Amino acid sequence: MRRDRLLVAVTLVTLLAADIHFVLLPRLKAWYHLPRESCACRVTNGSLENGGATTVPWTTNQNFTVVSTERGSKLERLFRHPLYNISLPELVPDEQLLQEEELMNYCKRKVSRWERMKKFYIEAAAASNITILDHPVTFDPEASWLQFHLGINRYALYSRDDSSVDRLLRDMQTATVISADFTQDEKALKGACDCSQVVKPSGLHLKLALKLQDFGKAMFKPMRQKRHEETPENFFYFVDFQRHNAEIAAFHLDRVLDFRRVPPVAGRFINVTGEILYITHNEELRSVFFNSPANNTCFFAKCLYVCKSEYAVCGHPDLLEGSMSAYLPGLSIAPRISIPNPWMRAYSFTGREEWEVNALYCDNVKKLYPYNSGNRLLNIIDMAIFDFLTGNMDRHHYEIFTKFGDDGFLLHLDNARGFGRHSDDEMSILAPLTQCCMIKRSTLFRLKLLVKSEYRLSDVMRESLSRDPLSPVLTEDHLQALDRRLGHVLRTVGKCVKKLGEPQVVIRDFVESSRPDR
Numbered sequence: 001m002r003r004d005r006l007l008v009a010v011t012l013v014t015l016l017a018a019d020i021h022f023v024l025l026p027r028l029k030a031w032y033h034l035p036r037e038s039c040a041c042r043v044t045n046g047s048l049e050n051g052g053a054t055t056v057p058w059t060t061n062q063n064f065t066v067v068s069t070e071r072g073s074k075l076e077r078l079f080r081h082p083l084y085n086i087s088l089p090e091l092v093p094d095e096q097l098l099q100e101e102e103l104m105n106y107c108k109r110k111v112s113r114w115e116r117m118k119k120f121y122i123e124a125a126a127a128s129n130i131t132i133l134d135h136p137v138t139f140d141p142e143a144s145w146l147q148f149h150l151g152i153n154r155y156a157l158y159s160r161d162d163s164s165v166d167r168l169l170r171d172m173q174t175a176t177v178i179s180a181d182f183t184q185d186e187k188a189l190k191g192a193c194d195c196s197q198v199v200k201p202s203g204l205h206l207k208l209a210l211k212l213q214d215f216g217k218a219m220f221k222p223m224r225q226k227r228h229e230e231t232p233e234n235f236f237y238f239v240d241f242q243r244h245n246a247e248i249a250a251f252h253l254d255r256v257l258d259f260r261r262v263p264p265v266a267g268r269f270i271n272v273t274g275e276i277l278y279i280t281h282n283e284e285l286r287s288v289f290f291n292s293p294a295n296n297t298c299f300f301a302k303c304l305y306v307c308k309s310e311y312a313v314c315g316h317p318d319l320l321e322g323s324m325s326a327y328l329p330g331l332s333i334a335p336r337i338s339i340p341n342p343w344m345r346a347y348s349f350t351g352r353e354e355w356e357v358n359a360l361y362c363d364n365v366k367k368l369y370p371y372n373s374g375n376r377l378l379n380i381i382d383m384a385i386f387d388f389l390t391g392n393m394d395r396h397h398y399e400i401f402t403k404f405g406d407d408g409f410l411l412h413l414d415n416a417r418g419f420g421r422h423s424d425d426e427m428s429i430l431a432p433l434t435q436c437c438m439i440k441r442s443t444l445f446r447l448k449l450l451v452k453s454e455y456r457l458s459d460v461m462r463e464s465l466s467r468d469p470l471s472p473v474l475t476e477d478h479l480q481a482l483d484r485r486l487g488h489v490l491r492t493v494g495k496c497v498k499k500l501g502e503p504q505v506v507i508r509d510f511v512e513s514s515r516p517d518r
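Position one of the sequence shown corresponds to residue 1 (UniProt numbering), numbered consecutively onward.
Do not take every clue at face value.
Within a straight-line C-alpha distance of at most 27 Å, the following computed BS3-like cross-link-like pairs (lysine-lysine) qualify [stated by the list, open to error]:
{"hint": "1", "residue 1": "366", "residue 2": "499"}
{"hint": "2", "residue 1": "118", "residue 2": "217"}
{"hint": "3", "residue 1": "452", "residue 2": "498"}
{"hint": "4", "residue 1": "403", "residue 2": "110"}
{"hint": "5", "residue 1": "108", "residue 2": "217"}
{"hint": "6", "residue 1": "403", "residue 2": "217"}
{"hint": "7", "residue 1": "367", "residue 2": "499"}
{"hint": "8", "residue 1": "499", "residue 2": "452"}
{"hint": "9", "residue 1": "366", "residue 2": "403"}
{"hint": "10", "residue 1": "108", "residue 2": "403"}
{"hint": "11", "residue 1": "367", "residue 2": "498"}
{"hint": "12", "residue 1": "108", "residue 2": "119"}
{"hint": "13", "residue 1": "217", "residue 2": "366"}
{"hint": "14", "residue 1": "403", "residue 2": "452"}
{"hint": "15", "residue 1": "108", "residue 2": "118"}
{"hint": "16", "residue 1": "217", "residue 2": "119"}
{"hint": "17", "residue 1": "495", "residue 2": "366"}
{"hint": "18", "residue 1": "74", "residue 2": "108"}
{"hint": "19", "residue 1": "110", "residue 2": "226"}
{"hint": "20", "residue 1": "74", "residue 2": "366"}
Just the calculated beta-carbon pair ranges, DEER-fashion [to be verified]:
{"hint": "21", "residue 1": "226", "residue 2": "283", "range": "26 to 36 Å"}
{"hint": "22", "residue 1": "96", "residue 2": "337", "range": "40 to 50 Å"}
{"hint": "23", "residue 1": "501", "residue 2": "91", "range": "27 to 37 Å"}
{"hint": "24", "residue 1": "89", "residue 2": "317", "range": "52 to 62 Å"}
{"hint": "25", "residue 1": "91", "residue 2": "466", "range": "31 to 41 Å"}
{"hint": "26", "residue 1": "134", "residue 2": "319", "range": "15 to 25 Å"}
{"hint": "27", "residue 1": "284", "residue 2": "469", "range": "27 to 37 Å"}
{"hint": "28", "residue 1": "352", "residue 2": "424", "range": "40 to 50 Å"}
Don't read these hints as lab results, they were simulated from the structure.
Just so you know, these numbers come straight off a predicted model, no measurement behind them.
Backbone N, C-alpha and C fix where the C-beta goes; we use that ideal spot for every residue, glycine too.
Generate coordinates for the entire structure from the input sequences, incorporating the hints supplied.
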């Protein structure tokens, strides 16, 4: 009798353990990873409460080793989180950068002009016994680059659910290139540079404007430095290399942070002979091509101080990897202005700017319009955090669309000098945050989310970058540096909160600027 009771008890315990292991635990894990109706960040009704706080401590530990065995996509789980689904204020027509009819008429005029100029150039080239490949233009009103331009609004370059961005990335990776030319800033130099200047107008890099068959346009920056190579410690930031993979990684980081202020960037292999030399209409660009002793096709920049073969970039023998950055709408239809960064560095070997020697520098900035109200100063701090994570010390200016005025967002353009040194964290890049002790509430909440193991920044960046054709875009050392630097940012905010109190440091979003009386 006792044996029967013992056997029944053992059987029941075994069945209970099996039920817990195979049924209850998987359900609990699945429930844990689903987005909740509420979270520790106090997101309600699609907006951030003024007094919300997260459960992530200000001082995060430094053990960022990836040991997660969680299933599923961390990136998709991140983008499902309520913090990435906050409702923006409803847009009115004036808050859209472009209207569809206006953009279509503008583009049709550009296509017509292009066809006329192409016909003229091909005839002139034929008279000189030069053969130019003639690729027809396929203008499509539903093209991804047109939809991207139409989606730009007062708050960001694209919405979170804008499918045209992923289409645009694919198009820049695969679309036929029909024309290649120097970019406008290199053309403005007219081949001349003042080599007595420390800062060169066009930088130590080469970039080309490539036109695609659907009349989209992308800026191509070729590979100049291998991924495992770090910027030499004796290099000044203003003579550092421009890295194509930094442009790609910056776009993905910008999207992971939910800023959406970097135009889409994709990696691509370009045939420098068939997709540049044979299709360019620019004689000066054709003139800088040559064959190296290894029989690789090479070319160099137009600017005289880098007009040497040792500064050239070369295919293998014709293929060259680089970044393709989507162009923004033309300045004639969507004007932008370039504004000096208040925390701009001294571009000289010995000089120092005021912010580098005056710890109270931000107090002076806060007295100046437009930094004394609205979101401009908060946007500068967002940009500083973004640059600190990438290690970019070269943010001397920023741009805004003039249509949105002083309440518009800042464009995070030209990020190729990021990701140069994974072994060094340049804390001076965080000066706007450390001196002003302010941060947007939404930015802080997302940064705190990205230190949690289920959304760790290095993990979601690794997954996001794996979708690019040039993967791996960043080395593991650079990915781990992102986690380490994120910890620095949160500790800096924590010190500010301890010193001034959270209400003075964590500021709500969407504050209108107060223009001075004239």
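- Does residue 366 lie within 27 Å of residue 217 when you go C-alpha to C-alpha? 39 Å, violated
- Hey, residue 366 versus residue 499, does the alpha-carbon distance stay inside 27 Å? At roughly 19 Å apart (the allowed maximum being 27 Å), residue 499 and residue 366 satisfy the hint.
- Item | Satisfaction of hint between residue 118 and residue 108, Cα-Cα up to 27 Å | This hinted pair holds, its Cα atoms lying about 15 Å apart.
- Does the hinted range 26 to 36 Å hold for residue 226 and residue 283 at CB? Holds, since residue 226 and residue 283 (Cβ atoms, about 33 Å apart) stay within the stated range.
- Is residue 403 within 27 Å of residue 452, Cα to Cα? 38 Å, violated
- Take a quick look at whether residue 367 and residue 499 sit within 27 Å of each other, Cα to Cα. Answer holds: residue 367 to residue 499 is near 22 Å, not above 27 Å.
- Task: State, for the Cβ atoms of residue 91 and residue 466, whether the hinted interval 31 to 41 Å holds or is violated.
- Result: 33 Å, holds
- Query: Does the Cβ-Cβ separation between residue 284 and residue 469 fall within 27 to 37 Å?
  - Reply: Holds, since residue 284 and residue 469 (Cβ atoms, about 30 Å apart) stay within the stated range.
- Message: A range of 27 to 37 Å was offered for this pair. Does it hold for the Cβ distance of residue 501 and residue 91?
- Response: 34 Å, holds
- If you check the beta carbons of residue 89 and residue 317, does the distance land in 52 to 62 Å? 54 Å, holds
- Is the straight-line distance between the alpha-carbon of residue 403 and that of residue 217 27 Å or less? 22 Å, holds
- Query: When you check the alpha-carbon spacing of residue 499 and residue 452, does it fall within 27 Å?
  - Reply: 25 Å, holds
Violation of the numbered hints given earlier is confined to hints 13, 14, 18, 19, 20, 22, 28; the remaining hints are satisfied by the structure.
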